[in-house]
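Heads up: the sequence lines are chains S and P, in that order. Going left to right, the first sequence walks through residues 86 to 143 as this note's numbering numbers them. Going left to right, the second sequence walks through residues 52 to 615 as this note's numbering numbers them.
Just so you know, the hints here were simulated from the structure itself, not pulled from any lab data. The C-beta atom is built at its ideal place from N, Cα and C for all residues, glycine as well. Don't take each hint at face value.
[Stated by the list, open to error] Computed Cβ-Cβ distance ranges for the label pairs, DEER-style:
1. S/Pro104 / P/Val542: 44 to 52 Å
2. P/Ala509 / S/Met106: 54 to 62 Å
3. P/Gly65 / S/Leu115: 29 to 37 Å
4. S/Phe118 / P/Thr157: 22 to 30 Å
5. S/Ile139 / P/Tyr600: 31 to 39 Å
[What the hints assert, rightly or not] One-sided and incomplete, this derived list gives chain S residues near chain P with beta-carbon spacing under 8 Å:
6. Asp111
7. Pro113
8. Leu117
9. Leu119
10. Gly120
11. Ile121
12. Val123
13. Pro124
14. Phe127
15. Ile129
16. Trp131
17. Gly132
18. Ile133
19. Glu135
20. Ile136
[To be verified] To give an idea of the chain P side of the interface with chain S (calculated C-beta under 10 Å), a few residues:
21. Phe213
22. Val217
23. Leu237
24. Leu272
25. Leu319
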Amino acid sequence: MTEEHKSEDEGLQDDEQLPFMQRLLDNPFLLLFLGIAVPTVFYIIWGIMEITQIPIAD
Amino acid sequence: MSTKTEFRTCPTTGLKVDLNAEKLIKANAVAAVIFLAIGGLFGLLVALTRWPEVHLLPADWFYLALTAHGFDVLLVWIIFFEMAVLYFASAVLLNSRIAGPRWAWTGFGLMLAGALITNIVVLQGGSSVMFTSYVPLKAEPGFYLGIILFAVGALIGCCVFFGTLVVARRERTYKGSIPLVTFGALTAAIIAVFTIASGAIILIPTLLWSIGLVSHIDPLLYKTIWWAMGHSSQQINVSAHVAIWYAIAAITFGARPLSEKVSRTAFLMYILFLQLASAHHLLAEPGLSSEWKIFNTSYAMYLAVLGSMVHGMTVPGSIEAAQRARGLTKGMFEWLRKAPWGNPAFAGMFMSLVFFGFIGGISGVVMGTEQINLIMHNTLYVPGHFHGTVVAGTTLAFMAITYYLVPLVFRREIMFMKLARLQPYLFGIGAAGISVFMMGAGTLGVSRRHWDMQFADAILPFDYPSAAFLMMGLNGMFAVLAAVGGIAFIVVVVGSVFFGRKLGVDEKPSYPEVPPQAAVVAEHGSAHSLKIPGTTMLVAIFFIAFVLYYFVNWKYLSEVWPLS
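Isolated chain P, as found in the complex (with noise of 0.2 Å):
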């Protein structure tokens, strides 16, 4: 492990690249499929148990099965590619060397056996607790211990970006505001080390008393802090993928943010507010007042939700903006129509900017909501609703970044371009079928967490909806269509990275075929236009939706409690 600084210039951007950073940066992203493709198969054998025709695996196999699910993407595949995408952001967008490349490779040690200890005392099948491992549910101290290696790993790695940017600013390496990019990688970092700080602050005494050496922790105590680390690590991701969307659209297009005043405001937005979305997890308990449910919730959380919308709107716009300026300029949609629709990257990114706002999002207020959350709190619309924003929003940009980092950092061209060229369709189209089909089974009552909805040994019998067996089994089979796009990333990704054709020093890439402005990617500036009516036309169907489904929640809600 070299720590000198060497460089070398990105023949397709012209960037400068830390080869320092860039070797983090191709460790953590190699770490991060890898544990995608663990806990994919996992996640595969936990939707094939749910499809009550098939109903895979045994009870106890279930719960192994879904804690290392939960703990591996959830946790381990999303934040080893945040890793790699916060030393991008930094380093290479920057142009700066690396600050502290040895803290740097300490914390990937540790977070690659903080991930490895707990992947092993799970599978021991003594802690199938499930992500949550709500007391006083016990695992093995080393389920404890693994997560927190990996938190302090991961804790370390954030130190390592803002030495970075102090790095670059000290020595000038940049002009101005830092980019865009990096403003959004700089939110997950921040909020980042707030999930890591809450997560230590509960699991420490969680794995004490695992061990024994502390008698008795509060149940609504731990649930309170640890969700302060659990939804918090997912908006370290809802952060990290819209940088993402920003980077594809500027490296694609070379289209700059409509308004970098407006995006940064959004940004501070989440900064400020996005993480006390937390409290959605607790709105049915009795113990928390209805004043801290609603602030944090309704009101805080509607703020960070407003800076959604914003970047559901800019991202386009500034697609719209740039495909513009090149002519494309018939009719509203011209300049969508004309995509690069057969370019993974943007294929993926598009789908994930779009899943995330009508499926993720929108959801995502309605269980904000305290009223309409006690329609679905604790059912099968709770993953549905993460399923719409980690994986068919965050996992598929971040595979859709990776068609850019596999040429442009590991420097191979990608192989088997045609099953790249479908796969963002087969596991976006796959991820949002199972969302949708989670959500809909939760709203007719299945619970989450729960091995046989048939309740087949159960003393009381108990019967849901035939529509929620059906629910269930489509969510098996698009389950089964997203599993083929992660196998099929996972092919295209690893056959690329060892085997696919090494490229010359100065040697550009076949894939991808950049415009001359895809630099603005390590600019801060505007696009200075807001003409802009596709992307408006998108914007006032997501708010036709999002008003209907609003009401048709609150519909529902009043035939569960009819009282007129």
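Chain S extracted, bound-state conformation (with noise of 0.2 Å):
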């Protein structure tokens, strides 16, 4: 193995050992679908969901 490899694995082998919230907190893109995931589903969609049940007057 080249120390180029190793020095990768000790690193993958660090990142699998930290605490599960700061790999979350590390993670940008994982933050920025939760980010626009949870307002999505519980603001839009659910609301859309709402406005489009209101019967429409004759």
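From the two separate chains plus the hints, produce the assembled complex.
Here it is in structure tokens:
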């Protein structure tokens, strides 16, 4: 194993040893996904579903 | 425009600065300040019209000025400055080159073009639909087009920020986790992406509707999705200004956060829940269920409020810990008494923190409670609240960090230092007064977005209580004070940037004097001290004020609807 591969493997091992919350907070793209998904589901999709269920006046 | 990567080392903080990033920070900050001046002028005209004794503008000009004021200060000033913050927090704090500088300039160009188009269209007079532009109020197509272009430009800026995070990690320009200030900027960028996407979902069809290609936009659907943009755009501010609080604490005192874990978790609360507070604008809409309203405001929003309260404790707490480590340990408040109150960056930041918490924060929770929201929904209380968050909170914090940006990034000495020392107090007290008196008038029932509270030409007469007139007079006076503070800021910043003494390559500016530990702004790590009795006392005062004000509003509601 080359030195480069060794250090990469050590890096991965270190990552695995990090607590879950730290790994979550160190992952900007997972945070980006969560930051878009949560308000999209609870605010926009839920809101639109309610609005579309309002009966249309005759 | 060069895209070749060149660096310089800041002689004050020791940070490595990519010159491309530096130019982008300068351009965005300058554009921000120009639009602050324009939007602030319109704001003064609005306040002088709402002052019953002055009643400056005729109705059509009032609504035009209100539209331009909302767009220029709530969106343009703030987002341009946030772009500067994103580039600073990524490239500069991570010692990295900026990713895709050409893309960043393209984004800047789109934002500038969009802002100019919307301003020109508003000034032509056919688009006085106010910032919210609720359908069926129809503006000229250019109004929506300008906002869309501005949003696309801002989205490109966010992508450059994320790209820079990737570049910095791949090129190992920092060790471990990103610094807390960068994490705060990341939070702002994430909320910005949601905000811009929501804006695109609703404003593109609205543009087509204004052209005539779409026949109908449902008003409630518009309002619901628009607020996902309109309110969330203000949550970008909250995340950015909290990041700036931490940055100023670090640069001024060498303060580390009390606990990185706790502060980062508080930012996570923002990422997950802060945008949901948009629902408080819809609490009086009959088409949406109480479940949707209460979940989005009174449950999820409180988790985001918890995040703000954590920051409200850890920022002054980190300053107290740093001051106590320097030996300012006498009594509960020696650390605060002997803080550099003559340093405009610190003074502005600390007032921003206090006003944001006590005025904007508490009133935000009150408005987010479905029952008591009804006593002030769509009254002047709402702009009172967001002047507490966006003006006394965000704008004051952005002004504060500008006093560091000018010498450290623009490499110019600050001019008119005596005026600069006074400026945060003029603007901060003015903005706080505007917020408090508008909220007071709103509590007495004064409508928002109304040209004439005297209803002089109404067929059916209506009189507000005389105290409401007093409130609006005081609001006008404090608006003048805030305008004086705003003009002082423009004079100091524009004067310094264009005419301030240019600093040599390795020359340290005479202001700011920073401690050797200031470089902690670019590091990840905690203060490891919880001896903060003074901050604990301040937090206790905050909670007492919170509980009392909350109780007063329930009491007021019970008097509106006497059920017993």
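Going down the list of hints, with the structure as the test:
The supplied range of 44 to 52 Å is met by S/Pro104 and P/Val542, whose beta-carbon atoms lie about 50 Å from each other. Taking 54 to 62 Å as the suggested C-beta distance range, the pair P/Ala509 and S/Met106 conforms, at roughly 58 Å. Separation of P/Gly65 from S/Leu115 is about 32 Å and conforms to the stated range, judged on CB atoms against 29 to 37 Å. Take S/Phe118 and P/Thr157: their Cβ atoms lie about 25 Å apart, and the range 22 to 30 Å holds.
For the pair S/Ile139 and P/Tyr600, the beta carbons lie near 35 Å from each other, so the given range of 31 to 39 Å is met. Here the hint on S/Asp111 is kept, as its CB sits about 5 Å from the closest CB of chain P, short of 8 Å. About 5 Å separates the beta-carbon of S/Pro113 from the nearest beta-carbon of chain P, less than 8 Å, and the hint is met. The interface hint given for S/Leu117 is met, as the beta carbon of that residue sits about 5 Å from the closest beta carbon of chain P, less than 8 Å.
With a least beta-carbon distance of about 6 Å to chain P, the hint placing S/Leu119 at the interface is held under the 8 Å criterion. Annotation: S/Gly120 was flagged as interfacial toward chain P, and the flag holds, the nearest CB pair being 4 Å apart, inside 8 Å. At about 5 Å, the closest approach between the beta carbon of S/Ile121 and any beta carbon in chain P falls short of 8 Å, and the interface hint on this residue holds. Of the supplied interface hints, the one on S/Val123 holds, with its beta-carbon coming within about 5 Å of a beta-carbon of chain P, less than 8 Å.
The beta carbon of S/Pro124 comes within 4 Å of a beta carbon in chain P, closer than 8 Å, and the hint placing it at the interface holds. With 8 Å as the threshold, the beta carbon of S/Phe127 comes within range of chain P, its nearest partner Cβ sitting at about 6 Å, so the hint holds. For S/Ile129, the shortest C-beta to C-beta distance to chain P is roughly 6 Å, which falls under 8 Å, so the interface hint holds. Here the hint on S/Trp131 is kept, as its CB sits about 6 Å from the closest CB of chain P, short of 8 Å.
Because the closest C-beta pair between S/Gly132 and chain P is about 5 Å apart, less than 8 Å, the hint holds. The interface hint given for S/Ile133 is met, as the beta carbon of that residue sits about 7 Å from the closest beta carbon of chain P, less than 8 Å. Nearest Cβ of chain P to the Cβ of S/Glu135: about 5 Å, under the 8 Å cut. The hint holds. Hint status for S/Ile136 relative to chain P: holds, with the closest Cβ pair at about 5 Å, below 8 Å.
A least Cβ separation of about 6 Å between P/Phe213 and chain S falls short of the 10 Å threshold, and the interface hint therefore holds. For P/Val217, the interface hint holds, since its Cβ comes within 10 Å of a Cβ in chain S; the closest pair sits about 8 Å apart. Look at P/Leu237: its Cβ gets to within about 6 Å of chain S, closer than 10 Å, so that hint holds up. Here the hint on P/Leu272 is kept, as its CB sits about 5 Å from the closest CB of chain S, short of 10 Å.
For P/Leu319, the interface hint holds, the least distance from its beta-carbon to any beta-carbon of chain S being 7 Å, beneath 10 Å.
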